[in-house]
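Q: One letter stands for each residue in the lines below.
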Amino acid sequence: MTMKIEDKLFLDRFRVDEESHLRIIDDALCREECAHQPCLYICPANVYRQGTDRISVAYEGCLECGSCRIACPHLNIEWRFPRGGFGISHKFG
Amino acid sequence: MPEAFEVIIVGAGPAGLSAACLLAEKKIKTIVLERGEYPGSKNISGGVLYGHDLAQILPDYEARNCPIERNIVESRLWYLSREGGYSLSYRDKIFTGERKHNAFTVGRAKFDRWFAEQARQKGALVVCGTVVTDLLRDQHHRVIGVNTDRPDGELRAQVVLLADGINSPLAAKTGFRLEPKPEQVALAVKEVIELGEEQIEERFHVESGDGVTIDILGEVTQGMDGVAVIYTNRKSLSLCIGANLSALSKKKVRPSEMMEAFKEHPLVTPLLRGGKSTEYMAHWLAEGGYEAIPQLCGDGFLIAGDSGMLFNTLHREGSNLAMTSGRYAAEAILEALRKEDFSRHGLKGYLSRLQGSYIFLDLKKYRRFGRFRHTHPELFTTLPRSISLAAREMLTVNGVPKKEKQKVLWREFRSQTSLTSFLRLLWDGWRSVR
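Just so you know, the protein sequences line up as chains A and B, in that order. Here the first sequence is numbered in the working numbering, starting from 1 and rising by one per residue. Here the second sequence is numbered in the working numbering, starting from 1 and rising by one per residue.
These are calculated hints, taken from the structure and not from any lab test. Bear in mind that the values here come from a model prediction, so they are computed numbers and not experimental data. C-beta: ideal position from N, C-alpha, C; glycine also. Check the hints yourself; a few may be wrong.
[What the hints assert, rightly or not] Which chain B residues stay away from chain A? Per the calculated CB distances, all over 10 Å, these:
1. Glu-74
2. Asn-167
3. Lys-263
4. Tyr-280
5. Leu-389
[Claimed, not checked] List time: in silico DSS-like cross-link candidates among lysine-lysine, alpha-carbon distance up to 25 Å:
6. Lys-276(B) - Lys-91(A)
7. Lys-4(A) - Lys-251(B)
8. Lys-27(B) - Lys-122(B)
9. Lys-91(A) - Lys-339(B)
10. Lys-100(B) - Lys-235(B)
11. Lys-181(B) - Lys-29(B)
12. Lys-250(B) - Lys-235(B)
13. Lys-173(B) - Lys-4(A)
14. Lys-263(B) - Lys-91(A)
15. Lys-4(A) - Lys-122(B)
16. Lys-365(B) - Lys-4(A)
17. Lys-100(B) - Lys-110(B)
18. Lys-181(B) - Lys-252(B)
[Unchecked claim] Computed spacing ranges between beta-carbons, pair by pair:
19. Arg-99(B) - Leu-11(A): 34 to 40 Å
20. Asp-134(B) - Ile-25(A): 17 to 23 Å
21. Arg-31(A) - Arg-431(B): 43 to 49 Å
Can you build the whole structure from these sequences, using the hints too?
A: Here's what the structure looks like:
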C-alpha cells in the first residue's frame, strides 16, 4: 500500500511559526508566464498546490531542502530559513 | 551577545563541529551558531560515517560513547530494472576486526547532538535556535562577524567559518558561493523504517551490531540520473532515493512517489516487510563535482563541508570530507591567529591542505563523472533493462537453445543501442573514473 504525502509528513516533528518563510513573489507571473510550474511537482512535501486563482503555499510541512527556490524558472519564490528553532526537527536524521 | 569571540562557526554539522572541537582544545574562543532546535535537528545524510576522519578529531570517539548504529561489514551494489536486477556484494572479516568502524551508520539527529556535546566539553559555545542572516564586513570588504535573527544579533570575530551546509541562502546572498543550478544538485528523500533488531540481523545475515549498505542504480530513478540506498541502523533501515533536480523538474516526477515506487521493487519489499515508517526528510546532494567548488577562503572567512560543495558522488562520501575540511580549516585558523593575519593570505594554509589531501585529489579524479552520467541516460533506462532481460532469459529453462536466445537478446540490445554508442559509454565511463 503506498503512503500518501500527508501521512509521511504526519511522521515528522514540526514547530510551526506563525509567519511563512516561503513566499511567491508575484502570483501573476506563475499564472501568466510559467507554463511548466515545476514547484507543483518537485517539492518533496507538496508544499505548492494549484488553487483556483493562484498557487497556495503550505509552508507548515516544508522539509527545508531549498529545491523550489532554485528550480523555479522565474526565481519567483522568496525563500528563507524558518526563524531559529522553528520548522522541521529531525528525530533520527 | 556582547561577548567577543575569536572564531564564529556557522552550522553545527560535521564540518563546523570538527573545527569547533579542535579550536576549543587549543583554548580559542569559539562559538557555533546552529539554526535548529538542537544540533542535528536540521541535518540528514544517508547515514554512513567513517571512523578514520572522525578519529583525527576525536581519537577516543568510541570511549566517548559515539552513537554508532551499526558497523558496516558488507557493501552491496544493485543494478536494477523494473522487475529484477543484479546484486554484487563484498564482505570482509577485516571490517569486524582491525578495520572495525571503517564505516558505520548513524542517525544524524543523535550523532550531531553527541558531536556538539564533545565540542562543548572541550570549551566551545554551541548556541542553537539562531539563524545567521548576513555577514558583517568592514570598509575593505573583509568579513568581521555575522548578523543573526536574534535581537541584538550582531556578533564579531577574527574569523568566520561557514559550515552551513549545501542549502545556504546565506552563501547565495553574500555571493560567497553562487546559488547552485538545478543540474548541480540531486534532490533526495529519505525515510526511516523501524524494524526489530533481530529481524534486521536475519534479513541481512549479520551479527549483532554489524550492518550492510546497499547502493542502488538503474531504473528505480525512473530514467533519471540518480541513486537510491538502503542502509541498516540498529533498529531501523534508512531508505533514500534521489535524482538530479533538473531531471526531476523536467520529468515532473514527485520525489515522494518515486520513494513509494522504490519501496515496491521486488528486491526491496522483502527487506521492509513488517517495518513502520517513522520519519520522512529531504535534502540536496552536491553533484557539481570539482568544477562547482567555490573560492573556499577569503579575507576573514573560510567555507567547509557541503557548503563548499565538497562531496564525492561516486563513493557517496560527504561527511568525512566535511570533517576533514573542518579540521583543515581549524588548523589554518590557528596559523592565522599566531600570525595575526586573517586575510586570504593568512588563511591560505586551508587551501594548501585541501589541495594535498584526498579531498581535492578524489574530486579531481572524478571531475568528469557527473557529466558522464548526464550524457548517458541509458545507464538508467535501456542498459539495466537489456542486461536484466539477458539474465532473465538465460536463467529461464524452457527448451529454447541458448544460441537462439543469445541471438534474440543481441538483436534486442542492438535495437536499443548502437555498437558505437555502447563503446562510447564504456570509454566515457572509464575516462570519468580512471
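Q: None of the hints should be skipped; say for each whether it holds.
A: Against the structure, the hints:
1. Glu-74: With a cut-off of 10 Å, Glu-74(B) remains clear of chain A, as the shortest Cβ separation is near 22 Å.
2. Asn-167: Contrary to the label, Asn-167(B) does not stay out of reach of chain A, its closest Cβ about 4 Å off (not over 10 Å).
3. Lys-263: 8 Å, violated
4. Tyr-280: 4 Å, violated
5. Leu-389: 27 Å, holds
6. Lys-276(B) - Lys-91(A): Satisfied, since the Cα-Cα distance of roughly 15 Å is no more than 25 Å.
7. Lys-4(A) - Lys-251(B): Within the cut-off at roughly 20 Å; holds.
8. Lys-27(B) - Lys-122(B): 8 Å, holds
9. Lys-91(A) - Lys-339(B): 43 Å, violated
10. Lys-100(B) - Lys-235(B): With a Cα-Cα distance of about 20 Å, the restraint between Lys-100(B) and Lys-235(B) holds, given a limit of 25 Å.
11. Lys-181(B) - Lys-29(B): It is violated: about 36 Å lies between the C-alpha atoms, which goes past 25 Å.
12. Lys-250(B) - Lys-235(B): Violated, because 37 Å separates the two Cα atoms, which is more than 25 Å.
13. Lys-173(B) - Lys-4(A): Judged against 25 Å, a Cα distance of about 35 Å means the pair is violated.
14. Lys-263(B) - Lys-91(A): 21 Å, holds
15. Lys-4(A) - Lys-122(B): With a Cα-Cα distance of about 45 Å, the restraint between Lys-4(A) and Lys-122(B) is violated, given a limit of 25 Å.
16. Lys-365(B) - Lys-4(A): Distance ~41 Å between Lys-365(B) and Lys-4(A) Cα, so the pair is violated.
17. Lys-100(B) - Lys-110(B): 21 Å, holds
18. Lys-181(B) - Lys-252(B): 17 Å, holds
19. Arg-99(B) - Leu-11(A): 34 to 40 Å: 35 Å, holds
20. Asp-134(B) - Ile-25(A): 17 to 23 Å: With Cβ atoms ~20 Å apart, the hint holds.
21. Arg-31(A) - Arg-431(B): 43 to 49 Å: 46 Å, holds
Violated hints for the displayed structure, listed by number in ascending order: 2, 3, 4, 9, 11, 12, 13, 15, 16.
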